[in-house]
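Here the sequence shown is numbered in the numbering used here, starting from -13 and rising by one per residue.
No lab work stands behind these hints: they were computed from the structure. Be aware that one or more of the hints could be misleading.
[Stated by the list, open to error] What follows is a list of derived Cβ distance ranges for each label pair:
hint, residue 1, residue 2, range
1, Asp181, Met10, 13 to 23 Å
2, Pro175, Tyr44, 39 to 49 Å
3, Asn20, Asp181, 36 to 46 Å
4, Ser139, Lys168, 17 to 27 Å
5, Tyr44, Lys183, 26 to 36 Å
6, Leu176, Pro155, 43 to 53 Å
7, Asn163, Leu216, 31 to 41 Å
8, Ala166, Leu216, 14 to 24 Å
[Claimed, not checked] Simulated pairs of lysine-lysine, PhoX-like, Cα-Cα distance not exceeding 20 Å:
hint, residue 1, residue 2
9, Lys97, Lys198
10, Lys9, Lys183
11, Lys93, Lys141
12, Lys111, Lys215
13, Lys(-12), Lys97
14, Lys(-12), Lys141
15, Lys(-12), Lys215
Heads up, the beta-carbon is just placed ideally off N, CA and C, and yes, glycines get one too.
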Amino acid sequence: MKTYLIIGGTSGIGLEVTKKLSKMGHHIYVFSRNNRNLDALPNVVFHEIDVTSENNTYPEIEQIDGVVYTPGSLNLKPIRNVSTDDIQNDFSTNVIGIIKIIQQYYKQIRKSGSSIVLFSSVVAKIGMPFHTSIAISKGAIEALTKTLAAELSPKVRVNAIAPSTTNTPLTSTILSNELAIKQASSRHPLSNIGDPKDISELVIYLLSDSSKFMTGQIIGIDGGMSSVKLFKG
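Please build the complete structure, drawing on both the sequences and the hints.
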């Protein structure tokens, strides 16, 4: 069995990944600000870590076969209202946090030949209003993915997943009722929004040896939003 480090593994996509890896019998370390939803899962060790803080105490982990970084943010504002703090906070959550993790466990990641899975977003590919801050940070994640894939090769693989709107606690404010969900679904060629369980399957694939010839890739799982245009008439 392998050992995985899941940052943000207590809700949304991260929780689904944690559940699947636990069911497969792997050992999992979960870093998050709380340990909700983990009590019934075997082989899971929780550590309270806030990726935006400079005062974390990181545990000793001897082996890390894979890292999944799922923290995100959803700070939607018109450009005239975006503050420096907004940009810094989104950048800290989405980008600086994973850099800290890789620096902290660099030796273990290199030694084990880990697979690292990061998260971008469809908004890094197509322009959407009010997404300035999050688009900047997710664009940086895509650049970081390719840079790390080059720097850590040939032993360590680094890929990123770019979802569109996905039904998670993070998006609950914009998917607060059936009408909002219907409107969000209508923006996708497949007329639906993302499901954390589906996206977690892609994470499992990228962690596994089945994807051993993949690195530096940004993989869209967005219902066709970034690549398909439907003409209705």
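- [ ] Please write out, lowest number first, the hints stated earlier that are contradicted by the structure.
- [x] 3, 4, 6, 7 and 15
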